[in-house]
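Novice: Residue strings, one per chain:
Number of protein chains: 2
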Amino acid sequence: MLKIGLDAMGGDFAPEAAVKGAIMASTEIGPESKIVLFGDKTKIETILAAENCPADRFDIVATTEVIEMGDHPAKAFQQKSDASITVGFAYLAKGLIQGFASAGSTGAMMVGSMYAIKPIDGIIRPTISSLVPTVSGRFALLLDVGLNVDCKPEVLCQYGLIGSIYAESVLGIENPRVAILNIGEEETKGNAQTKAAHEMMKASGRFNFVGNIEGSHIFSGKVADVIVCDGFTGNVVLKMAEGLYRINKALGGAQHKFWEAMNYEHIGGTPVLGVGAPVIIGHGCSTPQAIRSMILSTEHTAKANLTEKLRLAFKD
Amino acid sequence: MLKIGLDAMGGDFAPEAAVKGAIMASTEIGPESKIVLFGDKTKIETILAAENCPADRFDIVATTEVIEMGDHPAKAFQQKSDASITVGFAYLAKGLIQGFASAGSTGAMMVGSMYAIKPIDGIIRPTISSLVPTVSGRFALLLDVGLNVDCKPEVLCQYGLIGSIYAESVLGIENPRVAILNIGEEETKGNAQTKAAHEMMKASGRFNFVGNIEGSHIFSGKVADVIVCDGFTGNVVLKMAEGLYRINKALGGAQHKFWEAMNYEHIGGTPVLGVGAPVIIGHGCSTPQAIRSMILSTEHTAKANLTEKLRLAFKD
Numbered sequence: 192m193l194k195i196g197l198d199a200m201g202g203d204f205a206p207e208a209a210v211k212g213a214i215m216a217s218t219e220i221g222p223e224s225k226i227v228l229f230g231d232k233t234k235i236e237t238i239l240a241a242e243n244c245p246a247d248r249f250d251i252v253a254t255t256e257v258i259e260m261g262d263h264p265a266k267a268f269q270q271k272s273d274a275s276i277t278v279g280f281a282y283l284a285k286g287l288i289q290g291f292a293s294a295g296s297t298g299a300m301m302v303g304s305m306y307a308i309k310p311i312d313g314i315i316r317p318t319i320s321s322l323v324p325t326v327s328g329r330f331a332l333l334l335d336v337g338l339n340v341d342c343k344p345e346v347l348c349q350y351g352l353i354g355s356i357y358a359e360s361v362l363g364i365e366n367p368r369v370a371i372l373n374i375g376e377e378e379t380k381g382n383a384q385t386k387a388a389h390e391m392m393k394a395s396g397r398f399n400f401v402g403n404i405e406g407s408h409i410f411s412g413k414v415a416d417v418i419v420c421d422g423f424t425g426n427v428v429l430k431m432a433e434g435l436y437r438i439n440k441a442l443g444g445a446q447h448k449f450w451e452a453m454n455y456e457h458i459g460g461t462p463v464l465g466v467g468a469p470v471i472i473g474h475g476c477s478t479p480q481a482i483r484s485m486i487l488s489t490e491h492t493a494k495a496n497l498t499e500k501l502r503l504a505f506k507d
Numbered sequence: 192m193l194k195i196g197l198d199a200m201g202g203d204f205a206p207e208a209a210v211k212g213a214i215m216a217s218t219e220i221g222p223e224s225k226i227v228l229f230g231d232k233t234k235i236e237t238i239l240a241a242e243n244c245p246a247d248r249f250d251i252v253a254t255t256e257v258i259e260m261g262d263h264p265a266k267a268f269q270q271k272s273d274a275s276i277t278v279g280f281a282y283l284a285k286g287l288i289q290g291f292a293s294a295g296s297t298g299a300m301m302v303g304s305m306y307a308i309k310p311i312d313g314i315i316r317p318t319i320s321s322l323v324p325t326v327s328g329r330f331a332l333l334l335d336v337g338l339n340v341d342c343k344p345e346v347l348c349q350y351g352l353i354g355s356i357y358a359e360s361v362l363g364i365e366n367p368r369v370a371i372l373n374i375g376e377e378e379t380k381g382n383a384q385t386k387a388a389h390e391m392m393k394a395s396g397r398f399n400f401v402g403n404i405e406g407s408h409i410f411s412g413k414v415a416d417v418i419v420c421d422g423f424t425g426n427v428v429l430k431m432a433e434g435l436y437r438i439n440k441a442l443g444g445a446q447h448k449f450w451e452a453m454n455y456e457h458i459g460g461t462p463v464l465g466v467g468a469p470v471i472i473g474h475g476c477s478t479p480q481a482i483r484s485m486i487l488s489t490e491h492t493a494k495a496n497l498t499e500k501l502r503l504a505f506k507d
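Going down the list, the sequences are from chains V and P. For what it's worth, my numbering labels the leading residue of the first sequence as 192, then goes sequentially. For what it's worth, my numbering labels the leading residue of the second sequence as 192, then goes sequentially.
Treat each hint with caution, since some may be false.
In this list, chains with the same sequence are indistinguishable; a pair is considered to hold if it fits within one copy or across any two.
[Unchecked claim] Using 30 Å as the maximum straight-line C-alpha spacing, the simulated DSS-like pairs for lysine-lysine come out as follows:
1. Lys494 with Lys225
2. Lys266 with Lys380
3. Lys309 with Lys271
4. Lys380 with Lys309
5. Lys380 with Lys271
6. Lys234 with Lys393
7. Lys440 with Lys380
8. Lys500 with Lys448
9. Lys380 with Lys343
10. Lys448 with Lys386
11. Lys266 with Lys386
12. Lys440 with Lys494
13. Lys266 with Lys309
14. Lys448 with Lys413
15. Lys440 with Lys234
16. Lys506 with Lys232
17. Lys440 with Lys413
18. Lys343 with Lys506
19. Lys393 with Lys271
20. Lys343 with Lys393
21. Lys386 with Lys343
Rather than coming from a laboratory, the hints here were simulated on the basis of the structure.
All chains should be modelled from the sequences, with the hints used to inform the complete structure.
Specialist: Below is the structure:
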């Protein structure tokens, strides 16, 4: 039995949105999977009852505290020992659940990932990533999208391998094309960081490195399935895409499935990659639909044995 | 009389597209301005005749060579002393023309800008910039978009002042809002470079610094009129915007004036800022419409006395 943990108290519209999203996901996950809800048991059961959902469809782990958005993440993680996120990570660390997702405090989720779960041996810096839609119809993985804003070339090179393994095992892309986001196609182009990283990635031989990808091709699908960049650039790219998605929607032009795919509600949150268990962080404003996608994506990651594959790859 | 130079031999479709664009612009520029065409006189006159345009509407400076896209920019600039770009810059340096535009070799245009024209005293690194449309209907200036990919904070701080002067004098925006592209609104956010630059820009007092701008607001118009970033980030942003513009157009969704404004043909090329005369570089694939916009934008910059204003600002 695969147990997928959800922080029922995480997100601006929790616990309603979280529990409703869990109900949606529960009808779609595999028969050998079960969703475990962490949070205020009474509130959770009230929502389940209102939604006519049998409570035994879920495991509920009662917690009494919540790490708020305004809390200092590291301090709150230590002090609020009965918070939904803290308890969720304790379960994850003990192997009582096989993945954990929350739309709550990103900071606390990172603290949990780094200190309760810990980086996989050999990975210099874990990373947060995002799926980006392409006009080819399939998603590409962009990493890092905001965790490591100053990246050494070695770190970028590792992101190539991490991304390649994710794309292959979770997205099901065979021999995924890995590129580094850069300012020109030629390998001599770039800033000091990307030039050095390009060389390392080319020499690595551990993944299908296809060279540089320019900003114009992030969404074309023509160049890469995995797009590596530092967290500064990735964050700008991701937020710019979100901004243009919103603008396009407001202008009445978002009907095409390419733009619809950019809707964060379908993306399934931000996987934390390179730590010892599947962790996914959702938008604070997550709707039930977004929570649903996040749970399915967590289940998918757990099923794909991503963590073990990463451990194996970074063992040597 | 204001004389605006155009490299008639520059661009993939030169000289036809260049001369046709010049004809379009000639009916729109002020009565006290004249376009000076640099290039193959016979070819230029043939096109003018075919277009039923009197040749005396232009000054024509006959040149016999062309710097090709494949040429080494610095070497070609030295060796092809009768190339349209080389002669154009000689005219510009002597004050025989008050601005120079080309859709030809970007490298040669930069060599001309830096060595024939030279940076303005006090400016550490000249920059190339781009106008980006916003949903508010007015343009914002993004700089740098690819020249200086590794920027010291001092350089970014200067870009704030350069951009502010450009936005005020050329775009006519009063007290333009200057922001630094960053990964969060809070001033403590960023990588080492943007955090240091933020502090310097805040302390400078030379322009209306409004703090950080996130990727999501580049096109909203809500935060800034001038967006400062290093050339790596700016290049990714610009190319990503171009890529999404093309995708959106292909999907049939580019009718709205916001998307239409993203069409490079209306943008008027890439101003080189911080050198001692107006220089504008166009896309290699420039159409007559794009050449027209570039000429008008060069005239506009010359009329606005941008160079003198920059000299004055960086004198102290």
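Novice: Run every hint past the structure and note whether it holds.
Specialist: So, going through the hints one by one against the coordinates:
1. Lys494 with Lys225: Close inside one copy (12 Å), not across copies (70 Å); limit 30 Å.
2. Lys266 with Lys380: between (43 Å within a copy, 19 Å between copies)
3. Lys309 with Lys271: Intra 20 Å, inter 61 Å, cutoff 30 Å: intra-copy only.
4. Lys380 with Lys309: between (35 Å within a copy, 24 Å between copies)
5. Lys380 with Lys271: between (49 Å within a copy, 26 Å between copies)
6. Lys234 with Lys393: Classified as neither: same-chain Cα gap 53 Å, cross-chain 47 Å, threshold 30 Å.
7. Lys440 with Lys380: So Lys440 and Lys380 pass the 30 Å test across copies only (29 Å; inside, 35 Å).
8. Lys500 with Lys448: For Lys500 and Lys448, neither the intra-copy (32 Å) nor the inter-copy (48 Å) Cα distance is at most 30 Å.
9. Lys380 with Lys343: Answer is both: 17 Å inside a copy and 19 Å across each meet the 30 Å cutoff.
10. Lys448 with Lys386: Neither, since 35 Å and 38 Å both go past 30 Å.
11. Lys266 with Lys386: Between copies only: 24 Å across, 39 Å inside.
12. Lys440 with Lys494: neither (34 Å within a copy, 39 Å between copies)
13. Lys266 with Lys309: within (17 Å within a copy, 54 Å between copies)
14. Lys448 with Lys413: both (18 Å within a copy, 28 Å between copies)
15. Lys440 with Lys234: Cα proximity of Lys440 and Lys234: none, with 35 Å in one copy and 48 Å across.
16. Lys506 with Lys232: Neither: 41 Å inside a copy, 68 Å across copies.
17. Lys440 with Lys413: Both ways: Lys440 and Lys413 sit 25 Å apart in one copy and 17 Å across, limit 30 Å.
18. Lys343 with Lys506: within (21 Å within a copy, 38 Å between copies)
19. Lys393 with Lys271: This pair counts as neither: shortest intra-copy Cα distance 46 Å, inter-copy 37 Å.
20. Lys343 with Lys393: Cα proximity of Lys343 and Lys393: in one copy and across copies (16 Å, 28 Å).
21. Lys386 with Lys343: both (11 Å within a copy, 18 Å between copies)
Violation of the numbered hints given earlier is confined to hints 6, 8, 10, 12, 15, 16, 19; the remaining hints are satisfied by the structure.
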